[in-house]
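Enquirer: Residue 740 is where the sequence shown starts when you use the working numbering, and the numbers rise one by one after that.
All clues given are correct.
Cβ-Cβ distance ranges computed for the label pairs, FRET-style:
#1 Ala905 x Ala763: 32 to 38 angstroms
#2 Arg779 x Asn814: 30 to 36 angstroms
#3 Asp888 x Glu818: 35 to 41 angstroms
#4 Pro833 x Gly901: 37 to 43 angstroms
#5 Gly857 x Ala918: 24 to 30 angstroms
#6 Arg759 x Asn814: 18 to 24 angstroms
#7 Ser915 x Arg875: 24 to 30 angstroms
#8 Glu899 x Glu828: 39 to 45 angstroms
#9 Gly781 x Arg908: 28 to 34 angstroms
#10 Glu899 x Arg779: 36 to 42 angstroms
#11 Thr837 x Asn896: 32 to 38 angstroms
#12 His762 x Glu828: 30 to 36 angstroms
#13 Phe925 x Gly901: 28 to 34 angstroms
No wet-lab data here; the hints were simulated from the structure.
Quick reminder that beta carbons are idealized off the backbone N, C-alpha and C, glycines included.
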Amino acid sequence: MNSHTRPFEGLSVCVYMGSRSGHAPHWQQLAEAVGTGIARRGWRLVYGGGRTGLMGACASAALAAGGEVVGVIPNHLVEREVAHTGLTELIRVPDMHTRKAQMAAHSDAFVTLPGGIGTFEEFFEIWTWRYLGLHRKPIGLLNHERFFDPLLQFLDNTVEAGFLNAETRATLISASTSADLLDALFD
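I would like the entire structure built from these sequences, with the hints used as guidance.
Expert: Spelled out as structure tokens, the structure:
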């Protein structure tokens, strides 16, 4: 899980997000802003390797802004022709477990955008890994249009009920704009 030496000299940010675009155009614009923001900071985008939905929008925007993009995708999704073929690097792996481990190993921070059950699973797993001491990397939620408000309230309720400690809850960064969240990652 710890960072290892790699040729890229800048920071790498893993973004978890939907393979769907959502019903409103502002979700795709949000993904594009994150990809552009990562590239303009000289960071590398690490993500799930897909070409559809928010995933494809974020990766394409980072590439268009001159950034490096590493996608990590399981072979079964490559075979279904959902891989983004224009990336700086596309890492093919045998399964979803290996995908998540590779994404974590290549990243210095994690950001979660709106998405479905796969996005939520990735977010909670990487946060659990931090709680267990497997890494100390920052984790953020991009709470655009208050998308994550119910989740944040749920987590606060979990603290109040005594099932999550306040220190663990405090490790989670959230912001409503991509610029604010990206700026907060490495403060």
